[in-house]
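K.L.:
Below, each chain spelled out in residue letters.
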Amino acid sequence: MLEIKNLHASVNGKEILKGINLTVNAGEVHAVMGPNGSGKSTLAQVLAGHPAYEVTAGEVIYDGVDLLSLQPEARAQAGIFLAFQYPVEIPGVSNSYFLKTGLNEIRKSKGLEELDAMQFLKLLKQKMQIVEMDPSFINRPVNEGYSGGEKKRNEILQMAVLEPRLAILDETDSGLDIDALQIVAEGVNKLKTPENASIVVTHYQRLLNYIVPDVVHVLVNGRIVKSGGKELALELEEKGYDFIKDEIAAAEVA
Amino acid sequence: MQEMEELVNKEYKYGFVTDIESDSIPAGLSEDVVRLISEKKGEPPFMLEWRLKAYRHWLTMKEPNWENVTYPPIDYQSMVYYSAPKAPKTINSLDEVDPKLRETYEKLGISLTEQKRMSGVAVDAVFDSVSVATTFKESLSKVGIIFCSFSDAVKEHPELIKKYLGSVVPSTDNYFAALNSAVFSDGSFCYIPKGVRCPMELSTYFRINALNTGQFERTLIVAEEGAYVSYLEGCTAPMRDENQLHAAVVELVAAKDAEIKYSTVQNWYAGDKDGKGGIYNFVTKRGKCAGDNAKISWTQVETGSSITWKYPSVILLGDNSVGEFYSVAVVNNRQQADTGTKMIHIGRNTKSTIISKGISAGRGHNTYRGLVKVGPNAANARNYTQCDSMLLGNQCSANTFPYIEVKNTSSSVEHEASTSKIGEDQLFYCKQRGITGENAISMIVNGFAKAVFKNLPMEFAVEAQKLLGVSLEGSVG
Numbered sequence: 001m002l003e004i005k006n007l008h009a010s011v012n013g014k015e016i017l018k019g020i021n022l023t024v025n026a027g028e029v030h031a032v033m034g035p036n037g038s039g040k041s042t043l044a045q046v047l048a049g050h051p052a053y054e055v056t057a058g059e060v061i062y063d064g065v066d067l068l069s070l071q072p073e074a075r076a077q078a079g080i081f082l083a084f085q086y087p088v089e090i091p092g093v094s095n096s097y098f099l100k101t102g103l104n105e106i107r108k109s110k111g112l113e114e115l116d117a118m119q120f121l122k123l124l125k126q127k128m129q130i131v132e133m134d135p136s137f138i139n140r141p142v143n144e145g146y147s148g149g150e151k152k153r154n155e156i157l158q159m160a161v162l163e164p165r166l167a168i169l170d171e172t173d174s175g176l177d178i179d180a181l182q183i184v185a186e187g188v189n190k191l192k193t194p195e196n197a198s199i200v201v202t203h204y205q206r207l208l209n210y211i212v213p214d215v216v217h218v219l220v221n222g223r224i225v226k227s228g229g230k231e232l233a234l235e236l237e238e239k240g241y242d243f244i245k246d247e248i249a250a251a252e253v254a
Numbered sequence: 255m256q257e258m259e260e261l262v263n264k265e266y267k268y269g270f271v272t273d274i275e276s277d278s279i280p281a282g283l284s285e286d287v288v289r290l291i292s293e294k295k296g297e298p299p300f301m302l303e304w305r306l307k308a309y310r311h312w313l314t315m316k317e318p319n320w321e322n323v324t325y326p327p328i329d330y331q332s333m334v335y336y337s338a339p340k341a342p343k344t345i346n347s348l349d350e351v352d353p354k355l356r357e358t359y360e361k362l363g364i365s366l367t368e369q370k371r372m373s374g375v376a377v378d379a380v381f382d383s384v385s386v387a388t389t390f391k392e393s394l395s396k397v398g399i400i401f402c403s404f405s406d407a408v409k410e411h412p413e414l415i416k417k418y419l420g421s422v423v424p425s426t427d428n429y430f431a432a433l434n435s436a437v438f439s440d441g442s443f444c445y446i447p448k449g450v451r452c453p454m455e456l457s458t459y460f461r462i463n464a465l466n467t468g469q470f471e472r473t474l475i476v477a478e479e480g481a482y483v484s485y486l487e488g489c490t491a492p493m494r495d496e497n498q499l500h501a502a503v504v505e506l507v508a509a510k511d512a513e514i515k516y517s518t519v520q521n522w523y524a525g526d527k528d529g530k531g532g533i534y535n536f537v538t539k540r541g542k543c544a545g546d547n548a549k550i551s552w553t554q555v556e557t558g559s560s561i562t563w564k565y566p567s568v569i570l571l572g573d574n575s576v577g578e579f580y581s582v583a584v585v586n587n588r589q590q591a592d593t594g595t596k597m598i599h600i601g602r603n604t605k606s607t608i609i610s611k612g613i614s615a616g617r618g619h620n621t622y623r624g625l626v627k628v629g630p631n632a633a634n635a636r637n638y639t640q641c642d643s644m645l646l647g648n649q650c651s652a653n654t655f656p657y658i659e660v661k662n663t664s665s666s667v668e669h670e671a672s673t674s675k676i677g678e679d680q681l682f683y684c685k686q687r688g689i690t691g692e693n694a695i696s697m698i699v700n701g702f703a704k705a706v707f708k709n710l711p712m713e714f715a716v717e718a719q720k721l722l723g724v725s726l727e728g729s730v731g
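Chains as they are written, first to last, in my numbering: chain A, 1 to 254; chain B, 255 to 731.
Heads up, a few of these hints could be off.
[As the list claims (entries may be wrong)] 30 Å max Cα-Cα, derived DSS-like pairs, lysine-lysine:
{"#": "1", "chain 1": "B", "residue 1": "295", "chain 2": "A", "residue 2": "122"}
{"#": "2", "chain 1": "B", "residue 1": "448", "chain 2": "A", "residue 2": "122"}
{"#": "3", "chain 1": "B", "residue 1": "704", "chain 2": "A", "residue 2": "125"}
{"#": "4", "chain 1": "A", "residue 1": "108", "chain 2": "B", "residue 2": "295"}
{"#": "5", "chain 1": "B", "residue 1": "295", "chain 2": "B", "residue 2": "417"}
{"#": "6", "chain 1": "B", "residue 1": "409", "chain 2": "B", "residue 2": "307"}
{"#": "7", "chain 1": "B", "residue 1": "448", "chain 2": "A", "residue 2": "125"}
{"#": "8", "chain 1": "B", "residue 1": "448", "chain 2": "B", "residue 2": "515"}
{"#": "9", "chain 1": "A", "residue 1": "192", "chain 2": "A", "residue 2": "151"}
{"#": "10", "chain 1": "A", "residue 1": "110", "chain 2": "B", "residue 2": "448"}
{"#": "11", "chain 1": "B", "residue 1": "675", "chain 2": "A", "residue 2": "14"}
{"#": "12", "chain 1": "A", "residue 1": "125", "chain 2": "B", "residue 2": "720"}
{"#": "13", "chain 1": "A", "residue 1": "110", "chain 2": "A", "residue 2": "125"}
{"#": "14", "chain 1": "A", "residue 1": "122", "chain 2": "A", "residue 2": "108"}
{"#": "15", "chain 1": "B", "residue 1": "448", "chain 2": "A", "residue 2": "108"}
{"#": "16", "chain 1": "B", "residue 1": "515", "chain 2": "A", "residue 2": "151"}
{"#": "17", "chain 1": "B", "residue 1": "295", "chain 2": "B", "residue 2": "409"}
{"#": "18", "chain 1": "B", "residue 1": "704", "chain 2": "A", "residue 2": "122"}
{"#": "19", "chain 1": "A", "residue 1": "192", "chain 2": "A", "residue 2": "245"}
{"#": "20", "chain 1": "A", "residue 1": "151", "chain 2": "B", "residue 2": "675"}
{"#": "21", "chain 1": "A", "residue 1": "151", "chain 2": "B", "residue 2": "294"}
In case anyone wonders, no lab produced these hints; they're calculated from the structure.
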């Protein structure tokens, strides 16, 4: 479904990603772990098409299409969803109006009929149950005045409504207490199907107790230095990122 | 974002010219011109005296230059001060209105045919300098409401005009108000008697058509004790390469327990993308809460004009009286706006609220200028001011000049201000949810202005939202 080949990207002239290679198949959950500043969030933003990041080399093929040639909205319409680490506030715009506009533009791009207000509200209420969100959020402005946990829940709600093919969760666990973490993880698990896939970007192993990955990648200094099964996450948790860094250093010396 | 820049030159929808014969006087201004205008309108001597006094005072005044806008000097002698569509002297029914004029208003979406009963809004239509039609006149008069052109009011209700004309904005108030007082040709008059709640929205629709013509109209609204009226004002003009001056005066008087709600959607031609042409909108608007518990509320959505220069204000004379000012001002391309309000607290327990939302795009300059003045006797006066500016792109600017004068220790004045740039992050967030750039901008800006829009009457709010979208199309670069 997704094939990343030798991806290099920089922001403000500083190279952050230095040759990423990653393949994700339908039905899979990939975890991308790594220390702070290793390039995890940059990878997420580049895949979604944030204009501040410049791709300097490499390619990304998504369902046979050159993903990097698409505008951010076209990527979203093609089924790519990014759950933001820092969800953005849009004062004065209600959650329902925001999401309805997004969903209908996505539907329109696929040649599907747009949902009217009643149909959409029904769908929204149904999806809100998945993340146990209070109905008062329907009319509250997008992310304005929400707690950290509420913002993250709102991201998963948007994901539930938009039903992406490839979901990228950027540090969705940061700032969540254990109850909220479970609800969010539960939401992600409920949305899993054999046709879609997700990339879970996280610093801590904690989230992976609830969202069990098929593959774990370790990102250090802009490169994936190690990949493995779910047990790799546990090993990292136990030994810290230093052991990987030491391994690399040793390999480089040898 | 570049794809949106290409959309910038959305045609101004109301830029057409109506081909109609008009009765214009030669260009230029003198005492004779003032006399000629008064004569053409068949005015009583008191009106002519009033005009002449204003004119003579105007001659002693200098055009102000403290506002934060720039424009070439205005040649007051090259302008035509009176232009009226040629029509039968007296119109007995709306059917006698020139079909071309009716067509013009149909194009603008304003129906002059009462049968259509358009959303129950009574309209006074002002074309160039004169009022061409007032709808629902009869049904309003049944409850004692007078709603007519200013000219008719001068003839039919001279005692009311004598009493209230210039009682809020004196003819010597400022340069443009004095000019208006000397040469104004028409406008709307509205009088709501004691205890009457006006059963429908009243509306004036202003249209400038003729070339090189200044439009100088006056609106006077009087709400007697316990009365209520909601008043709407809309404005458009053809696209022309020359700048046209619009110097209007609006006076509101609210007696004890009365309430006046005045809403404006101003969409004068703004000039082209290089700043050529467009209307100079130099307007004096002021209301007086004359009695206790009176309330005056201004809501304005300013999207047009090449230069906007106006401060709808409230004099809070009566105890417990309330003044409100809600404003959205949008500048794009080369537009300039210097707008805000004055809240003058004189009575006790008076309260004022100011919410101003400025949106700057292109190379526009947007200035909020406001004065909150609390007099020595205004015990427990309260003011809350919120000024927010939003910038789209890197070439526009926003300024805020709040002036506060408090001469009373028991009063409280609060001021909050913010400036935000329409964030690349906000835009990216919307796009990541599948929302295309144009819709995203319109959504973010409308959300920003929502606190003001909710004060507009329903049908106006919808129009204002659309207008905002059109004014800003392609404005992010």
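K.L.:
All the hints need checking, so say for each whether the structure fits it.
P.N.:
Now the hints, each set against the structure:
{"no.": "1", "hint": "B/295 - A/122", "in the structure": "violated (62 Å)"}
{"no.": "2", "hint": "B/448 - A/122", "in the structure": "violated (49 Å)"}
{"no.": "3", "hint": "B/704 - A/125", "in the structure": "holds (25 Å)"}
{"no.": "4", "hint": "A/108 - B/295", "in the structure": "violated (59 Å)"}
{"no.": "5", "hint": "B/295 - B/417", "in the structure": "holds (20 Å)"}
{"no.": "6", "hint": "B/409 - B/307", "in the structure": "holds (20 Å)"}
{"no.": "7", "hint": "B/448 - A/125", "in the structure": "violated (50 Å)"}
{"no.": "8", "hint": "B/448 - B/515", "in the structure": "holds (17 Å)"}
{"no.": "9", "hint": "A/192 - A/151", "in the structure": "holds (21 Å)"}
{"no.": "10", "hint": "A/110 - B/448", "in the structure": "violated (61 Å)"}
{"no.": "11", "hint": "B/675 - A/14", "in the structure": "holds (25 Å)"}
{"no.": "12", "hint": "A/125 - B/720", "in the structure": "holds (29 Å)"}
{"no.": "13", "hint": "A/110 - A/125", "in the structure": "holds (23 Å)"}
{"no.": "14", "hint": "A/122 - A/108", "in the structure": "holds (19 Å)"}
{"no.": "15", "hint": "B/448 - A/108", "in the structure": "violated (56 Å)"}
{"no.": "16", "hint": "B/515 - A/151", "in the structure": "violated (39 Å)"}
{"no.": "17", "hint": "B/295 - B/409", "in the structure": "holds (10 Å)"}
{"no.": "18", "hint": "B/704 - A/122", "in the structure": "holds (25 Å)"}
{"no.": "19", "hint": "A/192 - A/245", "in the structure": "violated (33 Å)"}
{"no.": "20", "hint": "A/151 - B/675", "in the structure": "holds (22 Å)"}
{"no.": "21", "hint": "A/151 - B/294", "in the structure": "violated (67 Å)"}
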